[in-house]
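Participant: From first to last, the protein sequence lines are chains A and B. Using my numbering, the first residue of the first sequence is number 410, and each one after it goes up by one. Using my numbering, the first residue of the second sequence is number 715, and each one after it goes up by one.
Do not rely on the hints blindly, as some may be mistaken.
[What the hints assert, rightly or not] Label pairs and their calculated CB-CB ranges:
1. Leu602/A x Arg897/B: 39 to 45 Å
2. Arg485/A x Gly900/B: 42 to 48 Å
3. Leu538/A x Tyr853/B: 44 to 50 Å
4. Ile535/A x Gln775/B: 19 to 25 Å
5. Ser478/A x Ser855/B: 16 to 22 Å
6. Gln775/B x Trp545/A: 45 to 51 Å
7. Ile468/A x Asp902/B: 27 to 33 Å
8. Leu472/A x Asp902/B: 32 to 38 Å
9. Tyr853/B x Ile535/A: 22 to 28 Å
10. Ile535/A x Arg772/B: 29 to 35 Å
11. Ile476/A x Arg772/B: 33 to 39 Å
12. Ser478/A x Gly914/B: 55 to 61 Å
13. Ser478/A x Leu851/B: 38 to 44 Å
14. Gly914/B x Ile461/A: 47 to 53 Å
[To be verified] Calculated Cβ distances over 10 Å to all of chain B for the following chain A residues:
15. Val464
16. Ile486
17. Val493
18. Ile509
19. Ser531
20. Gly566
21. Leu602
22. Leu627
23. Leu632
24. Val636
25. Asn651
[As the list claims (entries may be wrong)] Coverage of chain B stretches by chain A, computed from C-beta distances (three or more under 8 Å per stretch; other residues unrestricted):
26. 755 to 766
27. 809 to 823
28. 832 to 842
29. 879 to 889
30. 907 to 913
Don't read these hints as lab results, they were simulated from the structure. Virtual Cβ for every residue (Gly too), placed ideally from N, Cα, C.
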Amino acid sequence: MDFSINKHSKLIAFISLLLASSLVYSQEEEDDFFFFEEETFEEDIADPLEPINRVIFNINDKLYRAILSPAVKTYRIIPEGVRVLISNFYTNLTTPFSAINALLQLDIPNTDSEISRFVINSTVGIFGLFDPATRWGFEEDREDFGQTLARYDVGHGFYLVLPLISFSSLRDVTGRLGNSALNPTNYVWDPELDDWIAFQGLDTVNDFSFDVDIYTSLYDSALDPYVFFRSAYVQNREGAVNQ
Amino acid sequence: MKKSPTTTLFLSLALTLSLSLGISSQALAQFSTPAESVQNMLDEVFAILRAPDFDLSRDRQSIDTAVSVAFDTNTIAQSALASNYRELSAEQRAEFEELFFSILKSTYIERLDTYTDESVEVTGEEVDGNRGTVMSLVYTSNSEIAVNYSLRQRTNGWFIYDIVVEDVSLLSSYRSTYRSIIRRSGIDSLLNDIRTQAAGLE
Chain A
410 MDFSINKHSK
420 LIAFISLLLA
430 SSLVYSQEEE
440 DDFFFFEEET
450 FEEDIADPLE
460 PINRVIFNIN
470 DKLYRAILSP
480 AVKTYRIIPE
490 GVRVLISNFY
500 TNLTTPFSAI
510 NALLQLDIPN
520 TDSEISRFVI
530 NSTVGIFGLF
540 DPATRWGFEE
550 DREDFGQTLA
560 RYDVGHGFYL
570 VLPLISFSSL
580 RDVTGRLGNS
590 ALNPTNYVWD
600 PELDDWIAFQ
610 GLDTVNDFSF
620 DVDIYTSLYD
630 SALDPYVFFR
640 SAYVQNREGA
650 VNQ
Chain B
715 MKKSPTTTLF
725 LSLALTLSLS
735 LGISSQALAQ
745 FSTPAESVQN
755 MLDEVFAILR
765 APDFDLSRDR
775 QSIDTAVSVA
785 FDTNTIAQSA
795 LASNYRELSA
805 EQRAEFEELF
815 FSILKSTYIE
825 RLDTYTDESV
835 EVTGEEVDGN
845 RGTVMSLVYT
855 SNSEIAVNYS
865 LRQRTNGWFI
875 YDIVVEDVSL
885 LSSYRSTYRS
895 IIRRSGIDSL
905 LNDIRTQAAG
915 LE
């Protein structure tokens, strides 16, 4: 934390905050008080493996802080414009399986749009480095196999935290395996393990270079970060499925 | 371009919360619609962030002082605890409200100086009785993030009580966390944890 702030001015600020709050709320009616009383909040997701998940969650956290975060800080020497090109390149590689999943979900307009995106960006966009397709009206709408399973009413099953990969559920892990099988790079490139790790590693580090280390802030603010991120994961996936 | 959901999630939450919690408003300004309220907040925060002499450690105090004017800290506290809020005495409610909001501020204002290039566009609003939703898009160098604000109408205007980033409600995430702690070790234990946490941030 920043200790440079004068303690007294902080105290005065806080008192004025409280005064402002009381000005605002003193006029409220009592019957309006329990604003959320009528709402019910359902459970996020089944989590029978919670003890194991928590251990992996903690290991992932240490790996993030010890390896990924420092690597990302160094990596930011690369200008942002270049990092955007790299990001585009990796995104483009995954567009074919987004198209296949859109098709499996019988979403023909999006299938068409994702195929168009891949063709345009791979050619005019120079191997996917640029994204002219978005400017030409083919907006990105990514679909993955987890969303396809959800489309056919496959539930999450239960929550899973995977080593290195992090938050997931049984359904979405299955989806991830489906995605890997459909990844076009599998058919043109049969890499050695260390090449493959470098390839995936660049994607991950590049991806996180746009991030601002909010992870640690959220982690520190959450009291029980495991539950916080589990809830956020489920909400984010539900939103993606319902789109 | 959107990448993994996790990354998008982190980035989105950071960006929005930092922008939104770092608000400097005129004292008790009145805005007749939710969109006006949000737009005003965004205008002000960008004006501060883009000032040539912006300095987080210096401007933090003025930002901090004005935050509660745009946010409905009372509703935020109720929402974070849901029905458990009932179990608290008036003093405990006031204490929780104060501590929880100060934790949110400390967490997100810390990151404010990393956002200067992003732009935000308010794209729509919905009003249902005394609740409102304002839709917006945040444009970053490599993505477009959907951000919804939930607002509540009070007698003197509209106030934000939740921010929903790429379908993740900030308050729902805290609520799940707090519910789990309360279930495991009781509401007094939660209050103690929050006190310890807030003291550590001072």
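Participant: Between Leu602/A and Arg897/B, does the C-beta distance stay in 39 to 45 Å?
Facilitator: The hint (39 to 45 Å, Cβ to Cβ) holds, given that Leu602/A and Arg897/B are roughly 44 Å apart.
Participant: Assuming the hint says 16 to 22 Å, is it satisfied by the Cβ distance from Ser478/A to Ser855/B or not?
Facilitator: holds (20 Å)
Participant: Is the hinted range of 55 to 61 Å satisfied by the C-beta distance from Ser478/A to Gly914/B?
Facilitator: violated (21 Å)
Participant: Are Ile476/A and Arg772/B spaced within 33 to 39 Å by their CB atoms?
Facilitator: Cβ of Ile476/A to Cβ of Arg772/B: about 34 Å, so the range 33 to 39 Å holds.
Participant: Does Ile509/A sit more than 10 Å from chain B, CB to CB?
Facilitator: holds (18 Å)
Participant: Going by Cβ atoms, does Gly566/A stay more than 10 Å from chain B at every point?
Facilitator: Non-interface label on Gly566/A holds, nearest chain B Cβ at 17 Å vs cutoff 10 Å.
Participant: Just tell me: holds or violated, for the beta carbon distance of Ile535/A and Gln775/B against 19 to 25 Å?
Facilitator: violated (49 Å)
Participant: For Val636/A, is the shortest CB-to-CB distance to chain B above 10 Å, so the non-interface label stands?
Facilitator: violated (4 Å)
Participant: For Tyr853/B and Ile535/A, compare the CB-CB distance with the range 22 to 28 Å and indicate the outcome.
Facilitator: Taking Cβ atoms as reference, Tyr853/B and Ile535/A lie about 23 Å apart, which means the hint holds.
Participant: Take a quick look at Val493/A and tell me if its Cβ sits farther than 10 Å from every Cβ on chain B, holds or violated.
Facilitator: violated (5 Å)
Participant: The hint says 27 to 33 Å between Ile468/A and Asp902/B; measuring C-beta to C-beta, is that right?
Facilitator: holds (32 Å)
Participant: Would you check chain A against the stretch 832 to 842 of chain B, counting CB to CB pairs closer than 8 Å, and say if three or more residues qualify?
Facilitator: Violated - the stretch 832 to 842 of chain B has 0 residues with a Cβ nearer than 8 Å to chain A, which falls short of three.
Taken one by one, the earlier hints fail for this structure at numbers 3, 4, 10, 12, 13, 14, 17, 22, 23, 24, 25, 26, 28, listed in ascending order.
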